[in-house]
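**Student:** Chain by chain, the residues run as shown.
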Amino acid sequence: MTATETIPTERIALTLADMAVVDADVHVNDTPGALAPYCDLPWRLSLQALDGASYPYLQVPGFAPNLRLDPPIPGSHPYRSVDTAAEMRAELSELEIDVGILFPDHMLTFAALPNIDYATALAQAYNRWLMEEWLLKQPGLYGVMLASPQNPEAAAREIERYAKVEKIVGIYLPTAGVNPLWGHRLYDPIMAAADASGLPVCLHSVTLVSPAFPCQLDQFENHFGRQVLSHSFAMMANLTSLIHSGVPARFPNLRVVFTEAGIAWVPYMMWRMDKYFNEYRRMVPFLEKRPSEYIKERMWFATQPIEEPDNPKDLVATIDLLGGPERVLFASDWPHHDFDHPRTIMKLPMPAAAKRQIMGENALALFGISAPVGKL
Amino acid sequence: MVRLGRIEVGVFNVDGEFYALPNICPHQFGPLCAGTVNGTTACSAATDWRFAWVREGEIVTCPWHGIEFDITTGKSLSSPRLRVRTYPVAVADGQVTVTI
Ligand code: FES
Numbered sequence: 001m002t003a004t005e006t007i008p009t010e011r012i013a014l015t016l017a018d019m020a021v022v023d024a025d026v027h028v029n030d031t032p033g034a035l036a037p038y039c040d041l042p043w044r045l046s047l048q049a050l051d052g053a054s055y056p057y058l059q060v061p062g063f064a065p066n067l068r069l070d071p072p073i074p075g076s077h078p079y080r081s082v083d084t085a086a087e088m089r090a091e092l093s094e095l096e097i098d099v100g101i102l103f104p105d106h107m108l109t110f111a112a113l114p115n116i117d118y119a120t121a122l123a124q125a126y127n128r129w130l131m132e133e134w135l136l137k138q139p140g141l142y143g144v145m146l147a148s149p150q151n152p153e154a155a156a157r158e159i160e161r162y163a164k165v166e167k168i169v170g171i172y173l174p175t176a177g178v179n180p181l182w183g184h185r186l187y188d189p190i191m192a193a194a195d196a197s198g199l200p201v202c203l204h205s206v207t208l209v210s211p212a213f214p215c216q217l218d219q220f221e222n223h224f225g226r227q228v229l230s231h232s233f234a235m236m237a238n239l240t241s242l243i244h245s246g247v248p249a250r251f252p253n254l255r256v257v258f259t260e261a262g263i264a265w266v267p268y269m270m271w272r273m274d275k276y277f278n279e280y281r282r283m284v285p286f287l288e289k290r291p292s293e294y295i296k297e298r299m300w301f302a303t304q305p306i307e308e309p310d311n312p313k314d315l316v317a318t319i320d321l322l323g324g325p326e327r328v329l330f331a332s333d334w335p336h337h338d339f340d341h342p343r344t345i346m347k348l349p350m351p352a353a354a355k356r357q358i359m360g361e362n363a364l365a366l367f368g369i370s371a372p373v374g375k376l
Numbered sequence: 001m002v003r004l005g006r007i008e009v010g011v012f013n014v015d016g017e018f019y020a021l022p023n024i025c026p027h028q029f030g031p032l033c034a035g036t037v038n039g040t041t042a043c044s045a046a047t048d049w050r051f052a053w054v055r056e057g058e059i060v061t062c063p064w065h066g067i068e069f070d071i072t073t074g075k076s077l078s079s080p081r082l083r084v085r086t087y088p089v090a091v092a093d094g095q096v097t098v099t100i
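If you read the sequences in order, they're chains A and B.
If you're matching positions, the first sequence starts at 1 in our numbering and goes up one per residue.
If you're matching positions, the second sequence starts at 1 in our numbering and goes up one per residue.
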């Protein structure tokens, strides 16, 4: 511990400029027209045909699992997107973020896409486009490559192809609508390739209307109800899926990141799984330790949409319950409607060292990114 | 099962070795020693990730919530927080003596 860190945190004017700031979840606008030149035939023609289609048919291009059924209520905030690398760089810098980990917009519903050949080509097109148009264009932009659950063998080859590419720092597992859940052995080729590559897998869900997943969201009458449950149920279901089939035991190097579901669900799931591990250990003998221990050793949780309890100390306590600041990655979700500004973490009553970890150090280490010049 | 004053102790014979555990589960105080004694499952790289049945006769399962305990050590198989003490057992001239 350095001398400055012994000073009570209240008296340190710690600012974002003093630390590396990594944002574990920002979104690029992956429209059909943008992806088309990067896509193999014949699907390139499909993307070209969809260029200029209205929004629902863009998610994923040609398929609309998240049709908004609500009557419009004027006055809501507008849909925001980031369309170029230069825009992204400028906007992240405006938010005092040094490094952004890029996730898609439209490909968030990718797992629900039924056409396997189209899905395979689309994933490859997205990865090429992400590399060429974003990661190589601006400093401080890193990407997670899309692994198609529809075609695990092809996804595994894609992971091998990108494993050593500097700007690719993780593997995006589309989580909304994924069926079966990510712990299924069907996906073992993806997990094995991830395990061998050293890249963490990053689960990211989205609100998606499906009678199967994550839990009858089609029955909610408005978007409030769907929004509240969609991401967190998706993460809870997939975390449980990964644990119950022994993925962390069978793939001992695999590291897992959970994004866009907040963090307060994690202690609950740890306690709940540990409780039933006591009762049902015989069913999961491949687990060599309690589920919470795998979580505390090899899983990370991105902050956004951060819970906002009346007393911010409750949030700090929650972070400790899920394993401490080292498990937590700052994420903004820029430019989406429920994005979090970095100050949501900076204003929490916690030590400066913990803020540095959450705001950047953890992500730099996890994703293998060197510290931005002049930071740390 | 033997009662010594207010203490109930389960005495187990595992392949000719005797072990004694308190008949009270550290989880929610169920009657641990009244549970089934048998083996348990294993699955790891050593079993080629196939389920195996191991340690027959060495595991007692609490009848209340099914938590498994290793009779030879008193440790549960699922949590370092759940364990019972073991009492020393001596065998001489066909007489089993438990010291508590
Ligand atoms: S009381 Fe023994 S398992 Fe719950």
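The reader is advised that the hints may include incorrect statements.
Quick list of simulated restraints, FRET-style, between CB atoms [what the hints assert, rightly or not]:
id	chain 1	residue 1	chain 2	residue 2	range
1	A	Arg185	B	Gly57	31 to 41 Å
2	B	Lys75	A	Gly368	37 to 47 Å
3	A	Ala317	B	Gly94	57 to 67 Å
4	A	Arg272	B	Glu17	48 to 58 Å
5	A	Met283	B	Asn13	45 to 55 Å
6	A	Asp117	B	Gly57	51 to 61 Å
7	B	Glu17	A	Asp310	20 to 30 Å
8	A	Ala371	B	Ala42	41 to 51 Å
9	A	His337	B	Pro63	46 to 56 Å
10	A	Thr84	B	Asp48	43 to 53 Å
It should be emphasised that the hints constitute simulated quantities derived from the structure, not laboratory data.
Quick caveat: nothing in here was measured; it's all calculated off a predicted structure.
The beta-carbon is built from N, C-alpha and C at its ideal position, and this holds for glycine as well.
**Student:** Hints first: check each against the structure and report whether it holds.
**Tutor:** Comparing the hints with the structure gives:
1. A:Arg185 with B:Gly57: 31 to 41 Å: holds, 32 Å
2. B:Lys75 with A:Gly368: 37 to 47 Å: Hint holds: Cβ distance 38 Å, inside 37 to 47 Å.
3. A:Ala317 with B:Gly94: 57 to 67 Å: Cβ of alanine 317 (chain A) to Cβ of glycine 94 (chain B): about 59 Å, so the range 57 to 67 Å holds.
4. A:Arg272 with B:Glu17: 48 to 58 Å: violated, 37 Å
5. A:Met283 with B:Asn13: 45 to 55 Å: violated, 28 Å
6. A:Asp117 with B:Gly57: 51 to 61 Å: holds, 55 Å
7. B:Glu17 with A:Asp310: 20 to 30 Å: Violated - the Cβ-Cβ distance for glutamate 17 (chain B) and aspartate 310 (chain A), about 58 Å, lies outside 20 to 30 Å.
8. A:Ala371 with B:Ala42: 41 to 51 Å: holds, 44 Å
9. A:His337 with B:Pro63: 46 to 56 Å: For histidine 337 (chain A) and proline 63 (chain B) the Cβ distance comes to about 52 Å; the hint holds.
10. A:Thr84 with B:Asp48: 43 to 53 Å: Since threonine 84 (chain A) and aspartate 48 (chain B) have Cβ atoms about 51 Å apart, the given range 43 to 53 Å holds.
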